[in-house]
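We have chain F already, so just place chains L, D and U on it with the hints.
Protein chains: 4
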Amino acid sequence: MAISLRRARTIIRKAMEKGQEMELKPLSVVVLDAGGHVIAFERSDGAAPGRFAIAQGKAYGAVMLGMAGRAQMARAEQQAYFMAAVNGVYGGQVVPVPGGVLVRDRKGAVIGAVGVTGDTSDNDAEAALAGIEAAGLTGEA
Amino acid sequence: MAISLRRARTIIRKAMEKGQEMELKPLSVVVLDAGGHVIAFERSDGAAPGRFAIAQGKAYGAVMLGMAGRAQMARAEQQAYFMAAVNGVYGGQVVPVPGGVLVRDRKGAVIGAVGVTGDTSDNDAEAALAGIEAAGLTGEA
Amino acid sequence: MAISLRRARTIIRKAMEKGQEMELKPLSVVVLDAGGHVIAFERSDGAAPGRFAIAQGKAYGAVMLGMAGRAQMARAEQQAYFMAAVNGVYGGQVVPVPGGVLVRDRKGAVIGAVGVTGDTSDNDAEAALAGIEAAGLTGEA
Amino acid sequence: MAISLRRARTIIRKAMEKGQEMELKPLSVVVLDAGGHVIAFERSDGAAPGRFAIAQGKAYGAVMLGMAGRAQMARAEQQAYFMAAVNGVYGGQVVPVPGGVLVRDRKGAVIGAVGVTGDTSDNDAEAALAGIEAAGLTGEA
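Quick note, the sequences are listed as chains F, L, D and U, same order. Going by the UniProt record's numbering, the residue at position 39 of the first sequence is 39; the numbering climbs one at a time, nothing skipped. Going by the UniProt record's numbering, the residue at position 105 of the second sequence is 105; the numbering climbs one at a time, nothing skipped. Going by the UniProt record's numbering, the residue at position 8 of the third sequence is 8; the numbering climbs one at a time, nothing skipped. Going by the UniProt record's numbering, the residue at position 75 of the fourth sequence is 75; the numbering climbs one at a time, nothing skipped.
The shape of chain F in the complex, shown without the other chains (with noise of 0.2 angstroms):
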């Protein structure tokens, strides 16, 4: 099972509501296929202009590991070196931190992550969780 067009659409919609509502500063979100690469992004209007590769990289960790952003930030906090061995290896593509999250189809088989930025990373968390969840979709944070 893939990620569809639709599905990601929502995702990022009901991650960007989730944070009005919370009342968060304006959010980015990517949402990733299976292979790390991307189907849909949107930045905020307010949101700094680099905050697509900062999204991009919390989520592409989480799929190139199948690891989410809180497990690959207690490896970081227990081995920086090998977290930093991790991103060399991966052309510098990854950010270890909450925010990250991986999506599950129902057999728990990864089948992408979404990646938010734009508040403290528990609260990019939650709305990335938030929008997993509006699509019917399983997510880990």
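Among the hints, erroneous ones may be present.
Simulated restraints on C-beta separations [what the hints assert, rightly or not]:
#1 105/F x 2/L: 30 to 40 angstroms
#2 49/L x 85/U: 27 to 37 angstroms
#3 91/L x 22/U: 24 to 34 angstroms
#4 45/F x 4/D: 18 to 28 angstroms
#5 91/F x 78/U: 26 to 36 angstroms
When the alpha-carbon atoms are kept at most 16 angstroms apart in a straight line, the in silico EDC-like pairs for lysine to aspartate or glutamate are as follows [to be verified]:
#6 107/F x 77/F
#7 14/U x 133/U
#8 107/D x 45/F
#9 25/F x 45/F
#10 25/U x 45/U
#11 107/L x 45/U
Since the hints were derived computationally from the structure, they do not count as laboratory data. Nothing here was measured: the structure is a model prediction, and the numbers come from that model. Every residue, glycine too, gets a C-beta built ideally from N, C-alpha and C.
Showing chains L, D and U alone in chain F's frame:
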């Protein structure tokens, strides 16, 4: 004047609708701001996974050089080594063919660019122009 | 509102004059636009040859993240691996210390950033702020 | 002998004045030292955002190879693969066309280079030469 996220969404949807009307292959569309940074991107179901980089490269070269895809292609045909060198200084992020379309405001200032990829370069450019016009802006292909 | 070349020149000259008044080491000063692209740069006689990259890195991170040097430094001290990862996604172009100063217009929107390097980070930031104020703009260090 | 900041400023201002006299498009001008490092840069209002990289690439190749833009272009036309390889070893930072002008002292030693971009390559080179002469130095286009 900046391209708002609302307008970027209109550009993407209308470019994709134009593609469906013209019976093109599945399109991918990116909208960049005046600094070459991503505002929004969508990849149609059925498009190849690597389409983000192609769409972004078409639009990025347009913004950074202030030169639309057709003018870049003409220069590449006259002086292939020049466009190769330009690509080098911009980190390999330039795809000098039609489908990279400058977006101008009423006074003629460049406020961003749209990159479309998926069908022939000329058809890609036509879809981009349709999206830009639907958003009340002026495109230069 | 964009920073004009005239204003960028004023920022650079006044930042350098401030450095002379404070008897700082020879300064180098860059002014970037809202997309992180260079408007103007000057390196004082006697400064080390590699100063462009340091000045640019201080200002670039500020614009791309919408976060001034002091806030970046605080984040780097809390989560070193996070700022290392951010540096990766921005191609190694981020120097997260004071001296990278956001420039805001009257409504508070970020319209660019100034990067100063040559003396201590705090003195660099003070010189940047002096230049920005002399140009009639508001800095956030 | 090194190019002082005072002289670099003169080069930039006079190159830009020459561009206005000749009614060229908005120019961007960089001055590099004998090691290929930036002394000063200015981008005219209205120039495309990516002009720093093009100006720098024209001047950088000139200094690093000790060969002005016209000679680089001739070589690129004869042996495209050679200039492509040169570009590779210099990290993609070489733009081998006119507008990259060597600066020599009275004894003929290379003390830096000027890179101008914005109009045709030949017009860019003419503006660079005007700036270099106004600063009492000798240019080789």
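Practice problem: For the pair supplied as a hint, residue 14/U and residue 133/U, confirm whether the alpha-carbon distance does not exceed 16 angstroms. | Solution: 9 angstroms, holds
Exercise. State, for the Cβ atoms of residue 91/F and residue 78/U, whether the hinted interval 26 to 36 angstroms holds or is violated.
Key: 35 angstroms, holds
Quiz item: So the hint says 18 to 28 angstroms: do the beta-carbon atoms of residue 45/F and residue 4/D match that?
Solution: 24 angstroms, holds
Quiz item: Taken at face value, is the distance from the CA of residue 45/U to the CA of residue 25/U at most 16 angstroms?
Solution: Measuring from Cα to Cα gives roughly 10 angstroms; hence the hint holds.
Quiz prompt | 24 to 34 angstroms as the expected CB spacing between residue 22/U and residue 91/L, which holds or is violated | solution = 32 angstroms, holds
Practice problem: Can you let me know if the beta-carbon spacing of residue 105/F and residue 2/L is within 30 to 40 angstroms? | Solution: Check passed, 38 angstroms falls within 30 to 40 angstroms.
Quiz item: residue 107/F and residue 77/F: Cα distance at most 16 angstroms?
Solution: Cα-Cα ~31 angstroms, so violated.
Quiz item: Is 27 to 37 angstroms a correct range for the gap between the Cβ atoms of residue 49/L and residue 85/U?
Solution: 31 angstroms, holds
Practice problem: Take the C-alpha atoms of residue 25/F and residue 45/F, compute the straight-line distance between them, and say whether it is at most 16 angstroms. | Solution: 10 angstroms, holds
Practice problem: Would you mind confirming whether the straight-line C-alpha gap from residue 107/D to residue 45/F stays at or under 16 angstroms? | Solution: 15 angstroms, holds
Quiz item: Do the alpha carbons of residue 107/L and residue 45/U lie within 16 angstroms of each other, as the hint requires?
Solution: Holds: residue 107/L and residue 45/U sit about 15 angstroms apart, inside 16 angstroms.
Hint compliance for this structure: hint 6 is the single one not met.
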